[in-house]
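**Q** Chains as they are written, first to last, in my numbering: chain A, 1 to 212; chain B, 1 to 391.
Hint data in this document are derived by calculation from the structure and do not stem from the laboratory. Just so we're clear, the structure is a prediction, and the values are computed from it rather than from any experiment. Beta carbons are placed, not taken as given, at the ideal position from N, Cα and C, and that holds for glycine. Among the clues, some could well be false.
What the hints assert, rightly or not - Label pairs and their calculated CB-CB ranges:
no. : chain 1 : residue 1 : chain 2 : residue 2 : range
1   : B       : 302       : A       : 103       : 33 to 39 Å
2   : B       : 72        : A       : 87        : 51 to 57 Å
3   : B       : 52        : A       : 142       : 42 to 48 Å
4   : B       : 383       : A       : 23        : 51 to 57 Å
5   : A       : 166       : B       : 241       : 46 to 52 Å
6   : A       : 142       : B       : 48        : 57 to 63 Å
7   : B       : 332       : A       : 186       : 42 to 48 Å
8   : B       : 248       : A       : 103       : 24 to 30 Å
9   : A       : 47        : B       : 77        : 50 to 56 Å
10  : A       : 85        : B       : 370       : 32 to 38 Å
11  : B       : 302       : A       : 210       : 37 to 43 Å
12  : A       : 210       : B       : 48        : 57 to 63 Å
13  : A       : 137       : B       : 243       : 50 to 56 Å
14  : A       : 166       : B       : 303       : 32 to 38 Å
Stated by the list, open to error - Partial chain B-side listing against chain A, Cβ under 8 Å, derived:
no. : residue
15  : 295
16  : 306
17  : 338
18  : 339
19  : 343
20  : 351
21  : 368
22  : 372
What the hints assert, rightly or not - Straight-line distance between alpha carbons at most 30 Å, and here's what the computed BS3-like set of lysine-lysine pairs gives:
no. : chain 1 : residue 1 : chain 2 : residue 2
23  : B       : 96        : A       : 48
24  : B       : 78        : B       : 246
25  : A       : 48        : B       : 315
26  : B       : 332       : A       : 82
27  : B       : 78        : B       : 96
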Amino acid sequence: MPLDRAGFTDQPIRVDLQVIADMIQPGSRVLDIGCGDGALLDYLVNFKQVDGRGIELSQKGVNACVGHGLSVIQGDADTDLKDYPSGAFDYAVLSQTLQATRDPRMVLEQLVRIGRRAVVSFPNFGCWKVRVHLMRWGTMPVTMALPEKWYATPNIHLCTILDFVELCRELDIFIERGMVFMAGGRVRPIHSKRVANFTGEQGLFLLQRRTK
Amino acid sequence: MSAVLKMPPSARANLPGHRVLLGTERKLRLDCGLDLGPFALAYQTYGRLNAAKTNCILVCHALTGDQFVAEEHPVTGKAGWWATMVGPGRPLDTNKYFILCANVLSGCMGTAGPMEIDPATGRPYGLNFPVITVADMVRSQKMLIDHLGIRKLFCATGGSMGGMQALQWASSYPDNVSCVVPIASAARHSAQNIAFHEVGRQAIMADPDWCGGDYLSQGKRPHRGLAVARMAAHITYLSEAALHRKFGRALQDRANVTYGFDADFQVESYLRYQGSTFVDRFDANSYLYITRAMDYFDLAAEHGGVLANAFKDTKVRFCLVSFTSDWLFPTKESRAIVHALNAAMANVSFVEIETDKGHDAFLLDEPELDKVLTGFLDGCAEHAGLNDRKA
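Use the sequences and the hints to build the structure in full.
**A** What follows is the structure, given as structure tokens:
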């Protein structure tokens with residue numbers, strides 16, 4: 001019986017977090033950037049025996065995590081990644097946060113530097129629902145993956161799956177695996193970038209820095 | 001007039017708690033190069049040490065604190081300075097942990113300091129007492145736990161200067177402490193903080209009753225200087241918002257200003273009260289020594305100017321806490337420590353707590369602080385196998 005440390009036990013974690021958790025080898029070192037209330041971290045610590053650390057921007061999230069015994073610091077993906085030594089973690093996880101950073105390019109470079117692997121997920125602005133919304137209404141899309149109005153959203157650097165793949169190519173980052181989340185939480189591996197870019201609500205990638 | 005300060009050292013030995021003579025066989029080599037010993041260390045404990053001696057939390061007190069953490073203070077009659085934090089069912093739970101707190105070296109509550117009698121002269125040390133550093137304080141605490149047969153502390157914690165000691169513990173004795181919780185603290189004293197301390201020291205030394213530090217032999221006390229030092233320092237412990245919330249521009253027992261220099265405003269009256277009660281329980285020379293110890297504190301300097309080197313390959317778990325309105329030890333000081341710990345790959349948690357209570361917030365009832373501390377200690381206790389051993 002897992003310990004009821006963060007009060008998440010017996011509650012399944014969000015589907016996208018579960019998919020990320022399934023990617024992570026038991027017993028590894030994980031840094032979860034933008035760990036929120038610590039749901040993923042808690043799951044990894046309890047079910048996968050990882051040495052888990054977290055960074056979270058919101059004071060409320062941090063206090064909840066630390067109050068539940070998780071090792072989490074109040075911090076920011078834009079400013080607090082540079083201190084970690086290279087290869088410090090087996091995985092650096094950035095779930096649904098890249099689009100809210102000031103400098104996503106630098107953040108991505110830092111992720112593959114400090115993590116031997118990086119796991120990145122983000123809402124896909126190329127999804128057909130977004131395109132239809134914009135085409136039909138001419139206003140900024142509000143969807144399940146992008147629930148806030150334009151003036152209230154923390155997402156300042158939205159991108160499509162094609163944009164992301166292109167940035168990885170520019171930064172010489174190797175995409176080990178790519179997946180998309182469809183409506184209703186179904187997960188599909190990416191075979192065709194263009195199809196994934198049209199159908200996926202969220203993209204999820206396992207990345208590595210190319211060794212030269 | 002002062003109660004404790006009038007007591008001869010022998011009577012201070014009768015304060016509640018314990019007093020041990022350390023450094024009898026091997027003296028304590030101080031940072032200043034002198035050897036101290038034998039010397040007295042006064043300490044107090046709460047809760048019970050388990051059979052394996054693995055449940056000890058060392059509480060390190062701040063500049064004007066002492067070992068009476070969680071009981072009625074023997075001099076002032078007030079509640080212990082961390083009574084909100086230490087006790088049954090509280091974050092530092094005495095049902096679970098053994099709480100230990102020692103009066104720091106150069107303090108004035110029974111530990112060796114400038115008001116003790118110098119065996120060489122038969123008179124109080126005064127300024128002949130050696131200058132102490134935070135690392136010296138921690139060395140003496142290490143001698144104390146050795147004396148108590150405790151190989152490894154479960155935790156070292158404290159606010160302000162107490163946090164400096166906790167950090168020093170992690171740096172000096174990483175194998176002898178499982179986790180540390182420095183609260184509202186810093187890895188070095190800032191120029192501004194040294195400046196504030198210098199104001200306090202100058203106020204004491206400008207008092208003619210200070211007598212060049214020899215006031216005890218001459219039957220005098222620099223109460224005015226010490227009170228001013230306390231008043232100035234007290235302002236730095238609060239925030240502008242807290243002062244305004246408490247006092248605003250309210251007048252003290254009068255309808256109008258008096259066009260004089262009486263304490264017209266409530267805030268003046270409050271500060272005067274703070275100053276006058278402080279001199280009853282604190283020694284002016286101790287104030288000089290302990291402020292100096294804080295000024296000298298710079299953990300990075302001991303490690304080639306790189307703070308991360310102070311924590312290289314550390315297994316110690318850290319939880320740092322800062323308060324939004326603390327301008328004496330602002331959040332950026334804690335964050336600098338967090339960055340160094342990240343570079344050292346240490347296991348670190350860091351929370352900033354929203355409050356308008358300023359630096360003093362660590363002494364006051366902050367439910368968020370309680371929650372964080374309880375959770376962190378629970379997690380560490382589990383990791384250290386403390387829960388299994390208890391069960």
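**Q** Hey, does the residue 339/B contact hint survive, CB to chain A under 8 Å?
**A** Result: holds, 4 Å to nearest chain A Cβ.
**Q** If I claimed the Cβ atoms of residue 166/A and residue 241/B lie 46 to 52 Å apart, would that claim hold in this structure?
**A** Check passed, 49 Å falls within 46 to 52 Å.
**Q** Does the Cβ pair residue 142/A, residue 48/B satisfy 57 to 63 Å?
**A** Holds - the Cβ-Cβ distance for residue 142/A and residue 48/B, about 59 Å, lies within 57 to 63 Å.
**Q** Taken at face value, is the distance from the CA of residue 315/B to the CA of residue 48/A at most 30 Å?
**A** This hinted pair holds, its Cα atoms lying about 21 Å apart.
**Q** Using the Cβ atoms, figure out if residue 166/A sits within 32 to 38 Å of residue 303/B.
**A** At roughly 44 Å between Cβ atoms, residue 303/B and residue 166/A fall outside 32 to 38 Å, so the hint is violated.
**Q** Between the beta carbons of residue 52/B and residue 142/A, is the distance compatible with 42 to 48 Å?
**A** violated (58 Å)
**Q** Can you confirm whether the C-alpha distance between residue 78/B and residue 246/B stays at or below 30 Å?
**A** holds (21 Å)
**Q** Indicate whether the distance between the beta carbons of residue 332/B and residue 186/A respects the range 42 to 48 Å.
**A** For residue 332/B and residue 186/A the Cβ distance comes to about 46 Å; the hint holds.
**Q** Please check whether residue 343/B passes as an interface residue: C-beta within 8 Å of a C-beta belonging to chain A.
**A** holds (5 Å)
**Q** Using the beta carbons of residue 383/B and residue 23/A, state whether their distance is inside 51 to 57 Å or not.
**A** violated (25 Å)
**Q** So, as I understand it, the hint says residue 372/B touches chain A; can you test that by seeing if any CB pair is closer than 8 Å?
**A** Cβ of residue 372/B sits 5 Å from chain A, so the hint holds.
**Q** Under 8 Å is the threshold here; is the Cβ of residue 306/B close enough to any Cβ of chain A for the hint to stand?
**A** This hint is violated: residue 306/B lies away from chain A, its Cβ roughly 12 Å from the closest one there, beyond 8 Å.
Hints 3, 4, 8, 14, 15 and 16 from the list above are not met by this structure, while the remaining hints are.
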